[in-house]
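As given, the protein sequences belong to chains A and B, one line each in that order.
Quick note on numbering: the first sequence equals residues 1 to 325 in the UniProt record's numbering.
Quick note on numbering: the second sequence equals residues 1 to 325 in the UniProt record's numbering.
Do not take every clue at face value.
The list treats identical chains as interchangeable, and a pair is accepted whether it falls inside one copy or across any two copies.
The calculated DSSO-like cross-link candidates involving lysine-lysine, where the alpha carbons are at most 27 Å apart (straight line), are [unchecked claim]: (1) Lys9 - Lys19; (2) Lys122 - Lys225; (3) Lys225 - Lys9; (4) Lys122 - Lys9; (5) Lys224 - Lys19.
Simulated from the structure, these hints should not be mistaken for laboratory data.
2 protein chains.
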Amino acid sequence: MLSEFDLIKQYFDRSRPGKAVLGIGDDCALLAPAPGMQTAISSDMLVEGRHFFAGEDARRLGHKSLAVNLSDLAAMGAKPVGFTLALALPSADQAWLQGFSQGLFALADAHGCELIGGDTTKGPLNICITIFGEVAPGHALRRDAAQPGDDIWISGTLGDARLALAGYNNELALTAEEQEAAGLRMHLPAPRVALGMLLASQRLARAALDISDGLVGDLGHILKKSQVGATLNADALPCGPVLATKDIGLRRRFMAAGGDDYELCFTAPVSSRDAIIAAGAQCGTAVTRVGVIDAAPGLRLVDADGGTLALQLQGFDHFAGTAGS
Amino acid sequence: MLSEFDLIKQYFDRSRPGKAVLGIGDDCALLAPAPGMQTAISSDMLVEGRHFFAGEDARRLGHKSLAVNLSDLAAMGAKPVGFTLALALPSADQAWLQGFSQGLFALADAHGCELIGGDTTKGPLNICITIFGEVAPGHALRRDAAQPGDDIWISGTLGDARLALAGYNNELALTAEEQEAAGLRMHLPAPRVALGMLLASQRLARAALDISDGLVGDLGHILKKSQVGATLNADALPCGPVLATKDIGLRRRFMAAGGDDYELCFTAPVSSRDAIIAAGAQCGTAVTRVGVIDAAPGLRLVDADGGTLALQLQGFDHFAGTAGS
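All chains should be modelled from the sequences, with the hints used to inform the complete structure.
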C-alpha cells in the first residue's frame with residue numbers, strides 16, 4: 001500500500017535545485033520574489049465529471065490541470081514561477097499517478113514552472129492547482145483596462161474543443177478522425193504564455209483574459225470591468241480546423257460561445273497592430289483581429305457585411321449547469 | 001438560482017481596499033511582495049467525510065478550513081498576507097454559504113489575511129485553500145534545523161480533538177458537556193500565528209511544525225529532516241482539559257498520537273528558555289517543554305521517572321485510512 005508520504009516522494013518530489021528557497025516537505029514552501037516584481041496568483045479546481053470525463057487519460061489530465069492555470073498567467077502577461085498541487089484521489093493508483101505526474105511535469109518543465117508544495121488526500125477525484133507568476137508593476141493585462149477604439153484580438157483558433165464535446169455527447173456525429181483531432185484541443189490546450197508575456201512586457205495590449213467559458217461570455221467580463229461595449233465580427237473569428245468544415249451556424253455558435261478554448265482575448269490600441277502581428281509570429285501563435293471596443297455599452301455581433309446577428313449566447317455557468325440560458 | 005458569479009459577489013468579494021494590488025475578479029490576483037521578504041506558501045484540501053463530517057456546521061467549517069492553513073504559516077513563523085479559496089459545492093446553498101463565509105472571514109480578519117482569489121465549481125464538497133505569508137530571509141522555522149541538545153516545546157494542549165473524535169465515533173462514552181468542550185478543539189482550532197511569528201522574528205526557535213497528524217508522527221518529520229533523534233517525556237505533555245479527566249493510558253495515547261491538534265511543536269536552544277516563556281505569555285499561548293533533541297536517531301518516549309514507554313504510535317496516513325498500524 002502506497003502511503004501518502006511515499007506517494008509524494010515517488011511521483012511529485014523531484015528534489016532538484018529550483019527557484020524555490022524551500023520546496024516540498026516543510027509546512028510551507030518559500031519563494032524569494034524577484035525584487036520589484038509583483039506576484040500573479042490564480043487557482044483552478046478540476047472536478048471529475050464536471051471538467052473532465054471519468055476515466056480521462058491521466059497524462060492528458062496532468063497536462064490540462066496545469067495548462068488551465070498557466071493560461072491564467074498568460075492572460076495576465078505574467079511569467080510562470082511555480083505552483084502548488086492539491087489532489088484528492090479515490091485511491092493511490094500507481095499507473096494513474098505515473099501518467100498524471102508525467103503530463104504535469106512535461107508542461108511544467110516547458111514553462112519553467114516548478115511544483116513547490118501541495119496536499120494529497122483520499123476523496124472524490126479533485127485536482128486543485130494554485131499557480132504563481134511574476135510581472136512588472138503596471139504591466140499586468142487587467143480586465144478593466146480596455147478603451148473605446150481598441151482592437152479586439154484572439155490568439156489561435158476557437159471552437160474545436162466545443163466541437164469535440166459535442167461529438168462525445170452525441171450532439172452531432174463526427175468521424176473518428178474529426179473526434180480525435182478536435183479532442184486534442186479539448187484535452188491538451190496550449191496556454192499562450194509566451195504571447196501574454198510579450199503583450200505585457202512590450203505594453204502592446206491593454207485588457208486581456210483567457211477564454212475558458214466561451215468568447216462572448218468571457219469578453220463580457222472585460223466590457224463590464226472596463227465599462228465599455230464591443231462589436232465583434234462573427235466572420236472574422238478564427239475557426240479551428242475541424243470546426244471549419246461544418247456549417248456556418250454551428251461554426252458561429254461554437255466559436256462565439258464554445259468554451260474550453262484557452263486562447264487569449266485581448267484589446268490593444270490601433271497603433272499596436274504591427275507589433276502584435278510580429279509578437280504572434282515570434283512565439284508561433286496566430287493572432288486575429290476580430291472586433292473593436294465601443295464607448296456604447298453592450299456587445300454587438302455582426303457579420304462581414306455589418307449586419308447584426310441575433311445570437312443569444314452565454315458563457316458557461318458552473319451552477320446553472322449548462323451553457324446558454 | 002444563484003449563478004457562479006453572483007455567488008462569488010454575494011459571499012466572497014468584499015471589494016474593499018486591501019493588501020492585494022488586484023483582488024477577486026481578474027484572471028489572477030496581484031500581490032506586491034514586501035521588499036526583501038520571502039513568501040511562504042501552503043495548500044490544504046479538506047474533503048467531506050475525510051477531514052470533517054457530512055453536515056458539519058458551515059460556520060465552523062469556514063473557520064477550520066482557514067485555521068489549518070494559518071497553522072502552516074504559524075509553523076514557519078510567517079506573517080499572514082492572503083489566501084485563495086477553491087470550492088467545489090454540491091449546490092449553491094445560500095444558508096451554507098452565509099455560514100461558511102462568516103466563519104472564514106471572522107478568522108481571516110482576526111489575522112489580517114485577505115481573500116484574493118479562487119475558484120468555485122459544482123462537485124462533491126471540497127475546500128482547497130492556498131495561503132501566503134511573509135517571513136524575513138533566514139528567519140523561517142524549517143523542519144531541518146533541529147540540533148542535538150535543543151529543548152522540544154509544545155504550544156497549548158494536546159489530545160482533546162482526538163478525544164472528541166473518539167466520542168463521535170463511539171470509541172468511548174463522553175458526557176454531553178465533555179463532547180461539546182472537546183469538540184470545540186476539533187472544530188475551532190486556534191492557529192498559533194502570533195507565537196510562530198515571535199519565535200521566528202526573535203530567532204528563539206530552530207525547527208518547528210504544526211501538529212496535525214499526531215505529535216509522534218509529526219515530530220518524526222523534524223527528526224528525519226534534521227537527522228537527529230529525540231526523547232519525549234510523556235508525563236510532561238500538556239493535556240487538554242477534558243482529556244485530563246481520563247485515565248493515563250488514554251491520555252498518553254491521545255496526546256502522543258491524536259491528531260487535529262494544530263499546536264506548534266518546536267525545538268530551541270536551552271538559552272532561549274526564558275524568552276520563549278515570555279513570548280508565550282505575550283501572546284497568551286501556553287508553552288511547555290516536553291523533551292530534548294538527541295544526536296542518536298530514533299524517538300524515545302519516557303515517563304517522568306525516565307522509564308521507557310513502549311508505545312507503538314504512528315501519525316495519520318490519508319491513504320492507509322486510519323491512525324496507528
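For each hint, the structure was consulted:
Proximity of Lys9 and Lys19 under a CA criterion of 27 Å is satisfied intra-copy only: 19 Å inside one chain copy versus 35 Å between copies. In this assembly of identical chains, the alpha carbons of Lys122 and Lys225 lie at most 27 Å apart only when taken from different copies (25 Å versus 39 Å within one copy). Within a single copy, Lys225 and Lys9 get their C-alpha atoms only as close as 44 Å, which misses the 27 Å cut-off; across copies the closest is 14 Å, which meets it. Within a single copy, Lys122 and Lys9 get their C-alpha atoms as close as 17 Å, which meets the 27 Å cut-off; across copies the closest is 31 Å, which misses it.
In this homomeric assembly, Lys224 and Lys19 come within 27 Å of each other (Cα to Cα) only across copies, at 24 Å, whereas the closest approach inside a single copy is 37 Å.
Hint violations for this structure: none, all hints satisfied.
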